[in-house]
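Asks: These two chains come separately, so use the hints to put the complex back together.
The primary structure of each chain is shown beneath.
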Amino acid sequence: MKLNEKKIDMQKVLAPAALVILYVFFSVVGDGFLSMTVFKNILESSYYIGFMAFGVTFIIITGGIDLSLGTVMMCAALLGAYTFKQLHFPLIVSLLVAVLVGAVFGFLNGVMVAKLKLPPFIATLGTMMMSQGFGSIITKVQSQTWPTATEPVGGWFKKVFIRADLFGVKGFPVGVFWLIGFFVIAALILHKTKFGRYVFAIGSNEEAARLSGINVDNWKIAVYTLSGIFVGLSGIMYAAAYTTITPGTGNGQEMNGITGVVIGGTSMSGGSGTMVGTLIGVFIMSVLKTGLSNLNLQAPWQTFFTGLVVIGAVLLDIQRTKAANRVKKS
Amino acid sequence: MNKKRLFAAILSAAMMLSLAACGGGDKGGTSGSQPSGGSQPSGGSSTSQPSGGDGEKIFIPVMAKGFQHQFWQAVKQGADAAAADLGVEIYFDGPGSETEIDKQVNMVKDQMAKNPKAMALAALSTDAVKEILAECAEKNIPVIGFDSGVPDDTSGAVKATAATNNEAAAALAAEKFGEHEGLVAKMQAATSAEPVVIGCISQDAVSASVTGRTIGFVNKMAEIAEKYQPGKVSIEGHTLWEKKVADPAIIIRVEISATTEATAVQTAATSLLGAKGLAAVFCSNEGAVTGFLAAVSDGEDLAEGGRYADLVVAGFDAGAAQKNAVRQGWFYGSVTQDPYQIGYKAVEMAVKAANGEAVSDVDTGAQWYNAENIDDEMIALLVYD
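Chains as they are written, first to last, in the working numbering: chain Y, 1 to 330; chain L, 1001 to 1385.
Next up, chain L with everything else stripped away, as it sits in the complex (with noise of 0.2 Å):
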């Protein structure tokens, strides 16, 4: 019997080494890396960094919103590509669902114990991290947002924020618009009595992100269509976005609509289909592109010999039913969102900051694919199933 209480103070003893081994193996693992460190951020000027950081690399948490999205991973590559070009250590940690607000918050304040030079930081929610943002403005370490960022800071503490800007990343499929020849050919052959339409559905005129691709792709495929019919282009469809014109040659018309609900959607794109000249479509986010691909038979009108095979659609976003549409050659290509370089700039505008460098908000841009390009590296990366 005593051999059994023997066997069980082994047993704990034997646990705490087993944690320390590991706790222990991993720690030899980082600061076996660390003497390489004497390299300076190859981009500043070597005078701007910190005095005592001779040969200690600058430590810069990166607290993410999540962990387990593709998106997020292609965000810590990102951040990972930055730390080693700029040669400092980033610790890149997330919760496991966006619902963990509490895990959230102990994370950045176990790294906030540690005293960094700055830090990067998308918040689950900004209430939470209050008083971490007061204490970080108040000790100078400068916050960088990225992602959604550090919505409604008071603290003056988040200095900039490496995100999308949606109206760029949607002008980008009006400019591929401009560029589709069988489209530009039916722009200019177009007359008031028969009219081309482009359309652009999305699911609501509510939320910042939708609404913002929303104006940036009107206001660029007005901009080109103005080109080739002066004078002749009309937006119509929601009171938000008219500019109605008398006898227009070219209709853009921006369907939005009545709830967020895929069937919502598809009754939205099926009154968009009926429309007499339709030309184009573009889809504002993956909500629109499901919602779409419902109307037209799960993308088999597009094809070929299909009832809208001449159509050239635009999405925005991945997921898998997108992502098949883009590699059957249904949709002229996409836009997606740069998570990679979301990462990159906010590592990279966090170093800039620790160094005392001013930094601003940076848009992290957009990229296209299509059917071509959709299996590269890069571009594989960034479109999430």
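If we strip away everything but chain Y, and leave its shape as in the complex, we get (with noise of 0.2 Å):
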């Protein structure tokens, strides 16, 4: 017994390794990647990851999926530079508008996967084409545009969100403040409240949660509202990062998303998973396609690559399983 612990203890390990062994790599082999420039890069590129992994992390330990990630995230983002820019909202209230959108997707998501029953692959494609329509149509299949720095309306935008002055550092990346501060809270919520517990009780067996009385059906809609809302913040850290939020795009997103919290240890059959493992799992993505291009290393390299690593990556979770289950039987 005491020899499992310690081997389980070393696959913990596994994934902040691999992240160290990547990023040492990239600055042996690369250009120049050992670099405050490429440290920004990879942290700018990794925020609206992040936020769309620690809401899918939530779902994904309840034993479910969100295919809608991406294309919510979009619809997000588009709403809310279309409140802003056409029909002259202030910001405050956009940003607001893209975190509803957010809410009212993963709400309607709940609702399908917990009331009426429809897997989660299934309601979730279903939002995720009707989220990618929608923005289209009320934007008009018009691209749409956050305000850029230099604006004199909503200018902070981009200081708020993603750099600005600070600390002496011209472009300090102000982004990482709001990645930590909601990885915390995400921990938080998952680790030390009711509400984690119970995420993890239905994750490992819904059907003895039920019968131990705990309202399934009510917690699932508040697991997907919850990541609906990180899905619109995550929209609105997208628009800080790029600007222009183009209709009809944001397939594909989910799986960055996915991909970080799969690497970073949460299993795709539910009930296990930590919020840090997602948080490392975003940034093995971000430091692996960075050291790519740094490489350059065409587009299709870092896709295929990337593919690779998700694949490695649920390898591992198999075995991670099989090695629980066997813990579980001795």
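Read the hints as simulated data drawn from the structure, not as lab findings. All residues carry an ideal CB built from backbone N, CA and C; glycine is no exception.
Covered stretches of chain L, as calculated for chain Y (at least 3 residues, CB under 8 Å): (1) 1098-1105; (2) 1123-1132.
EDC-like mimics (lysine to aspartate or glutamate), calculated; alpha carbons at most 16 Å apart, straight line: (3) Y:Lys170 / L:Glu1131; (4) Y:Lys40 / L:Glu1131; (5) L:Lys1057 / Y:Asp31; (6) Y:Lys117 / Y:Asp217; (7) Y:Lys170 / L:Glu1138; (8) L:Lys1276 / L:Asp1310; (9) L:Lys1114 / Y:Asp31; (10) L:Lys1117 / Y:Asp31; (11) Y:Lys170 / L:Glu1135; (12) Y:Lys40 / L:Glu1135; (13) Y:Lys117 / Y:Glu206; (14) Y:Lys159 / L:Glu1131; (15) Y:Lys85 / L:Asp1127; (16) L:Lys1117 / L:Glu1089; (17) L:Lys1220 / L:Glu1175.
Replies: Okay, structure coming up:
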């Protein structure tokens, strides 16, 4: 038994170790990879994926899945920009609109999964298309832009969410505060509250959770809605990083979030996972992408290697589940 | 059971190693080719090279709007050729599709981290790269736009753009009309009683490229026609270009389609084909060609013995249908942009700008292709399917 615990601990360090190894590797072979600029690039391309991943971690631990992450994120970013640029809402209201869009689609997913008993895969496949279509309908298939840093109205948007001159550093990546802040919130919810305990309970054995008096349906709706709020926030972070939002996009972005979660050690079959794992998983993806790009490996190669990592991560997950089952038996 | 876990650990280690091996291998390849980089840029004077550039090649990222179209492949070939000629190192990349703005932004950022001496950029969205451009301006990294370039740049980082001058390109078609013996004979023989009509089909009067081409063609055609019928050339059809004269012998008729859809272009083409004395037609882009071909039974009416066998037709751009019409000889010929030159000039200007030389916008020119040269290596590269 003691030996087993030791082995499980070794698995826990696997993901952080991989992150460090990757970073060191690219620093050695890359062209100026070990620099503040590249580090900032890695951070800035991680924010929105991080928020998506935090949210979907809850869902995956309950044994569900959310395929609508990417398109709901784009829909939130599109509608936010639309209300700001076209309807001239104050920027703060537009930000709330973005979060609200995420929450509404999350709630919708939750109702379909919990009350209407649709398989999560199908329900979220539906909202994936609905949100993509909805964003295009409202914006009349026109690209929408968020304010850039120098704009008189809403110029604070980028300074608050992505980078500002802070602590005497020019272009300090302030987004990292948001990422870490919400990481802490997500981690506290998952690991320190009743909500979090129920998430694990539902994921390990839904029937047992139900029999022990947990209102599984309502909690599931709450889980999907919470995830939706995180997706809305990811829309804001995406907008802060990339400014222009194109309707009809977002497909495939959900995989960035899900992959981060899986690499971070959360089991796709539910019942186990950690928020810190997700954070590390997201950074592994970003370091990998930025690193490959730094080596001048063109986009198709980056996609190829990311695929390889996904397969590797899922294989690890299978091994982990098997090992966990054996531990339970012994 | 310990073995299983060990397996998992080994597997992940192997995964990372394979990454390391691939990445390392590629790096080795590029650095292996570097030692030959003592060569000076062949064109520019060696004194203007930046200090500290001894033996180290100038590095220039070339960031395109896409990768999958043959158009961009031709741009890349041109860029590679320029890099080889000038002894600089370039990195050409673009997102998988023209909607992936975030991918392009990341790409540009990643390359900026290498402190390039200059950059060539065809931005998907100027807003999305605004801060990067500001950074370029601040760090004195000159940016050269290519293809559609970086429209509405306010940072001042964009020094010049290498793009097709649409007016000049379309004028090339008019010049070719002026070299067509049959058409010239008709223009010479034209009278006010039986005027000759030369048509121009454009799918809209809004987009900058199509409007530029329409203006370019109409003006050049009018100039040529004036040679044969001085004072008797009338431009009609669209108020934007109208220049009517009494009793014209040559009428240049501009036909603008109601919408950009193929059926609307077809309607416009049919109306033009009904004009008495129609001798030649210029279609100003691929959409116009598609609509026109639909109006002439997919081109069969233009073939030997067809209803419009005598009609002299020229197109613009390429595409499978247009290429077929040119290859069959149904079209007199077509004009194509020169993506190879766009890539070549972009890199050439970036090198100049990196060396502190002044650069200005450059027209990358256009090429005329017809049944004879369509399969030539250089042309085949330019005309996409």
